[in-house]
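K.L.:
Chains as they are written, first to last, in the numbering used here: chain U, 1 to 197; chain H, 1 to 68.
Hints in this document: simulated from the structure, not taken from any laboratory.
A couple of the hints might just be wrong.
What the hints assert, rightly or not - Once the Cα atoms are required to be at most 25 Å apart in a straight line, the calculated DMTMM-like pairs of lysine to aspartate or glutamate come out as:
id, chain 1, residue 1, chain 2, residue 2
1, U, K163, U, E88
2, U, K56, H, E37
3, U, K85, U, E11
4, U, K117, H, E37
5, U, K117, H, D28
6, H, K63, U, E11
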Amino acid sequence: MDIPYVVQPREDTGLFNAKVGIWLFLASEVMLFGALFSSYILLRVGSINWLYGEAKDLNVWLGTANTAVLITSSITMVMAWASLKLNEFGKFKAYMGATILLGLVFMVIKAFEYNAKFHHGHFPAAHTFYAIYFTLTGLHALHVLGGMVVNSFYWGPGSKMWKTDPVRFTNRVEIGGLFWHFVDLVWIFLFPVLYLL
Amino acid sequence: MSLKAFHIVFVTASILLAFGFGVWSLLDYQDHGNTAELVGGLVSVLVGFALIIYAKAILRKLKNISYL
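Just chain U, with the same shape it has in the complex (with noise of 0.2 Å):
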């Protein structure tokens, strides 16, 4: 017996299940990472000796840059989608390809920030705030892993399903864009509230 709703959307609700499952998937990221904004919170306004400014030892210009790598990757992703929208499957490998080169430029900045953290000995016990620095951009970091993985199966091996089921291969690339969208929108929270505030 077939699955239903695989392809095609159901009548009722105009989703395919693809799209309710990861809809329901980062409906949970987004209590995992809520959470850790709210810890976020009360620690700050409940510490004594916060870091602000320079004292924070962040360098905003890294995470600037960081923060246009993955604007530009969703821009990438999307062009990625689009492009099988309009049956343009060489255009697809292109945008796919920017899109996991720009996540892995994405992870080398933050290798280089992390590095120059432990050079100046800054790790998690040595304040509050490097604790939930650490955690916050680590989980953060690992979803962006996560979504490089995922992306590059679309862009190697998973890319054969185009020649057999065009319409499902196009809808596993619009899951993939819906995390990885969510990832980079999180990094938009993220970089003001540890960077600039």
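Add chain H to chain U, keeping to what the hints say.
P.N.:
For chain H alone, kept in the frame of chain U given last:
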């Protein structure tokens, strides 16, 4: 919500961040007089305007795709 709708939400948040960061940089420039902050602030505001133009363009490109 489709990727199209979520992308519009994301671009809106990015536009707000670009203008917010621009104002933050320019206020910091007033306090410290660092030229890099002046340039960064102005570039950020320009990126905000560029993202508004991009949002209009992508909406035109994806006009036949559902928001659901």
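K.L.:
For each hint, tell me whether it holds in the structure or not.
P.N.:
Hints versus structure:
no. : hint             : in the structure
1   : K163(U) - E88(U) : holds (12 Å)
2   : K56(U) - E37(H)  : holds (18 Å)
3   : K85(U) - E11(U)  : holds (21 Å)
4   : K117(U) - E37(H) : holds (23 Å)
5   : K117(U) - D28(H) : holds (23 Å)
6   : K63(H) - E11(U)  : holds (22 Å)
Hint compliance for this structure: no hint is broken.
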